[in-house]
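**Q** Given only the sequences and the hints, what does the whole structure look like? Please build it.
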Amino acid sequence: MVIDDKMIDYIGELARLKLQDNERESAKNEMNKIIDYMDTLNKIDTSGIEAMSHAFPVKNVFRKDEVKPSISREDLLLNAPDKSEEAFKVPKTFD
Amino acid sequence: MDLSTLTALEAGKLIKNKEISVAEITKAALDNIEKTDKNYNAFVTVCHDEALKQAEEVQKKIDDGTLTSPLAGVPMAVKDNMCTKGILTTASSKILTGFKPFYNATAVERLEKAGGVLLGKLNMDEFAMGSTTETSYYGPTFNPWGENRVPGGSSGGSAVAVATDQAYYTLGSDTGGSIRQPCSFCGITGIKPTYGAVSRYGLLAYASSLDQIGPMGKTVEDVAEVLSIISGHDPKDSTSFNQEAIKFNLENNVKGKRIGIPVEYFGKGLDADVKARVLEAAKKLESMGAVIEEFNMPELEYAIPTYYIVACAEASSNLSRYDGVKYGYCTPKFDDLSDLYYKSRSEGFGMEVKRRIMIGAFVLSSGYYDAYYKKALQVKAIIKNSFDKAFEKYDAILSPTAPTTALKMGENLSDPLKMYLGDIYTVSVNLAGLPSMVVPCGFDSNGLPVGLQLTGKAFSENTLMNIAYSYQQETDFHLKKPVLKKEMEV
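Residue numbers (our numbering), protein chains in the order written: chain A, 1 to 95; chain B, 96 to 585.
Honestly, the hints are just simulated from the structure, not real lab data.
Just so you know, not all the hints are guaranteed correct.
Going by beta-carbon spacing under 8 Å, a handful of chain A positions derived as facing chain B [claimed, not checked]:
no.	residue
1	MET1
2	LEU14
3	LYS18
4	MET31
5	THR40
6	ILE44
7	ALA51
8	ALA55
9	PHE56
10	VAL58
11	VAL61
12	VAL67
13	LEU78
14	PRO91
15	THR93
Using N, Cα and C, we set each Cβ at its ideal position, and we do this for glycine too.
**A** Rendered as structure tokens:
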């Protein structure tokens, strides 16, 4: 049981998610089952094998440093739940 | 004439020959959606007025000779995780309530430039996380082949829109089988292209190293034509390969093609009817001149845990952008900024999405990173390597697409691990970045479709399409249609 109440709180904090009381028990059960299953990877020897993040070699992609029009402020704010004329609005973060 | 049953290329030909106008065929498609979609719920959004307007514009460009694509004027629809300018884009999640992007995904842009008419946006599992299209905030999509059957997922809407003749072709996305498995469940044709063949710009990310957009349609020819439009380098996606759009040269000839069958894929857990249909397809290809051989790929056993570790890890990072501030759903009541984040996300995401984000946060967290995430990336290298070895011997790998045919609604929803295990034949392909396509190869004893999966080495789309095309020339499974439930006409 890797996923106990403490762990659920901890990863909830990392992920900015708070589960309802009625979601919590089943989430714990399901996640423990899934993580137990993920532990089957322990059967395979990976010593000396380099971790592969992309299936094909990826290189840095460069482009010329040219001035081009960028996304307009109006477009960026188009979908904001709360905004002023020129910015996203969020609750006060310090006094 | 019932226009809806035409293939995309047949419809394009009628338009080109002026036997029908783009407005007429678009209007007919919209009427058909209105009649049928209450029963299937394939669409989240139908772009009625926009489509009719677009039809007029496309017609002008066809008439003046600017639009020459064989698919110019043909109505289509795309999965709701691709950005469409000014049109609601939800990824079937509450958290994207009201989100209207100000730009098009590159794949959508390219279709529109070629004269595709967008009928609407298609239902899916929330953020493409699921294999049944039941986790959508907008309700499940229904499979037309059986009462109360799931269409597969996550591109369930994209599959049903084609299977019910609502759209001539659709776009789906495939992170672990999300194009292929619904194709199999709904009896249609589709391809997950090589990673990097189609731009991901404007695709709402689930797991960026695995996600790939691909076409779904009625025939191999249709799917090949669409892929030749949407593929090719895009400077807006740094993982898109620096090469031209893929061109296809289809001919009915599989003589001497070497096709491998991994024996591990035909063992425990595979439905007897599915097994029989897929092996019959292998026999068919053999009778047409292909060389079929069994081989071993024991590493495939590790594909599912590896996939879920990698995909959840990337999802936990990608979905951190949904914070209730920039777009979409924001909780109405909150104490401070932190509370706004917690509540918007906890209320906006469905349970399966929350579960995957939390598993992702866990496997990336300090103390567990090496045991899970790093380990998974190492196993990914082993899986990739075993595919490389297989493709030294074979032109394609033949397998089932899913262990079963379409499941009953609700069957796997309460047991996520059981649902994950259903991805056994599809996820390894995404880990290795390979192209893989599905064609219908028969039906089970309940009359539900079975799909044959053909996987090739990177950028072997032309080889796969040729094998699949040859198979469709000699079989008629792809021409079979479900009996549709239409609303009574008043």
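**Q** For every hint, state whether the structure bears it out.
**A** Outcome of the hint check:
1. MET1: Result: violated, 13 Å to nearest chain B Cβ.
2. LEU14: Holds. Min distance 4 Å.
3. LYS18: 5 Å, holds
4. MET31: Result: holds, 6 Å to nearest chain B Cβ.
5. THR40: With a minimum Cβ separation of about 5 Å from chain B (threshold 8 Å), the hint on A/THR40 holds.
6. ILE44: Where the cut-off is 8 Å and the nearest Cβ of chain B is about 6 Å from A/ILE44, the hint holds.
7. ALA51: Nearest chain B Cβ about 4 Å off; hint holds.
8. ALA55: Holds, because the Cβ-Cβ distance from A/ALA55 to chain B comes to roughly 3 Å (cut-off 8 Å).
9. PHE56: 6 Å, holds
10. VAL58: 6 Å, holds
11. VAL61: Holds - the Cβ of A/VAL61 comes within 8 Å of chain B, reaching about 4 Å at its closest.
12. VAL67: This interface hint is violated because 16 Å lies over the 8 Å limit.
13. LEU78: 6 Å, holds
14. PRO91: 5 Å, holds
15. THR93: 5 Å, holds
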